[in-house]
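Residue numbers (this note's numbering): 140 to 387.
Among the hints, erroneous ones may be present.
Stated by the list, open to error - In the SDA-like style, the derived pairs of lysine to any residue whose C-alpha atoms are separated by at most 25 Å in a straight line are: (1) K212 / Q199; (2) K177 / T192; (3) K333 / H246; (4) K212 / H246; (5) K177 / Q300; (6) K177 / H246; (7) K177 / P220.
Unchecked claim - Here are the simulated distance ranges between beta carbons: (8) I222 / G335: 36 to 42 Å; (9) A314 / A203: 49 to 55 Å; (10) R195 / S339: 45 to 51 Å; (11) F357 / R195: 44 to 50 Å; (12) D366 / E256: 21 to 27 Å.
Treat the hints as calculated values from the structure; they're not laboratory data. No residue lacks a Cβ here, since even glycine has one placed at the ideal position from N, Cα and C.
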Amino acid sequence: MITWDGRKIAYFTDDQDDHIYNALVTAIVEHQLLPGSKLPEVALADVFGISRTGIRSVLQRLAAEQLVTLMPKRGAQVTTPGIDEARDVFNTRRMLECANLPAVVAHCQPLHITALEQILSDEQQAHQDYQGAAAIRLSALFHLQLQAIAGNGVLTEMVSQLTLRSSLVIAAYGAPWQQGCRCHDHHDLVALLKQGDAASLSTRMAQHFDEIVASLNFIERDSHTPDFGRIFSHINVANISADQSAQE
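Turn these sequences into a full structure, and let the hints guide you.
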């Protein structure tokens, strides 16, 4: 199964839980489900055409990854990172991604540059077309593809999880118009990668993360219940329901 960031993960299958999990993760990453959004089991079960038990299983999985917060007798909601946690997420990404860049430079091939430049082109187009969800997803994908060049699968998976949490931070504390990273920052990073200048690339990446944190406005926002019918209107409920019936 293809995940939210375009990777094919072996432990992801085509069963209903993985489809719903991926749909919810995508909605969180793309800021359709904002931090603090309430996630009622009944409403989600109705949208996806499955039982509350099935939805509860997915929510518990998301809670284990700190994307959802489960509150006794109050239900679930999209996690709102605390201020210290928000800073820690980006500081951790800064340390991991910068430390990995010498290996990225050492393993980089022309095909990698081509793939990154395609992402940049798509990201720029998404911004121009005011496609906020696509711009956010492509911004995250750029960082994942860049780090994956080094061939360290464990680190890439860690960056993937941190990218999810980064999206929550930006959704919680970023400006309303903030849609992922700034495109020209990514262009700068690719230019330095082409030059094979690992030291300058690491310095620019660190600056990139520092600028993101500096742009955040640490003010809490009110929670709300989203329009799940609109957000998940593209999901084929019939297929999910059929999968559930086949498993019972």
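Legend entry - Unsatisfied constraints (hint numbers, rising): Result: hints 4, 6, 9, 11 and 12 break, sorted rising.
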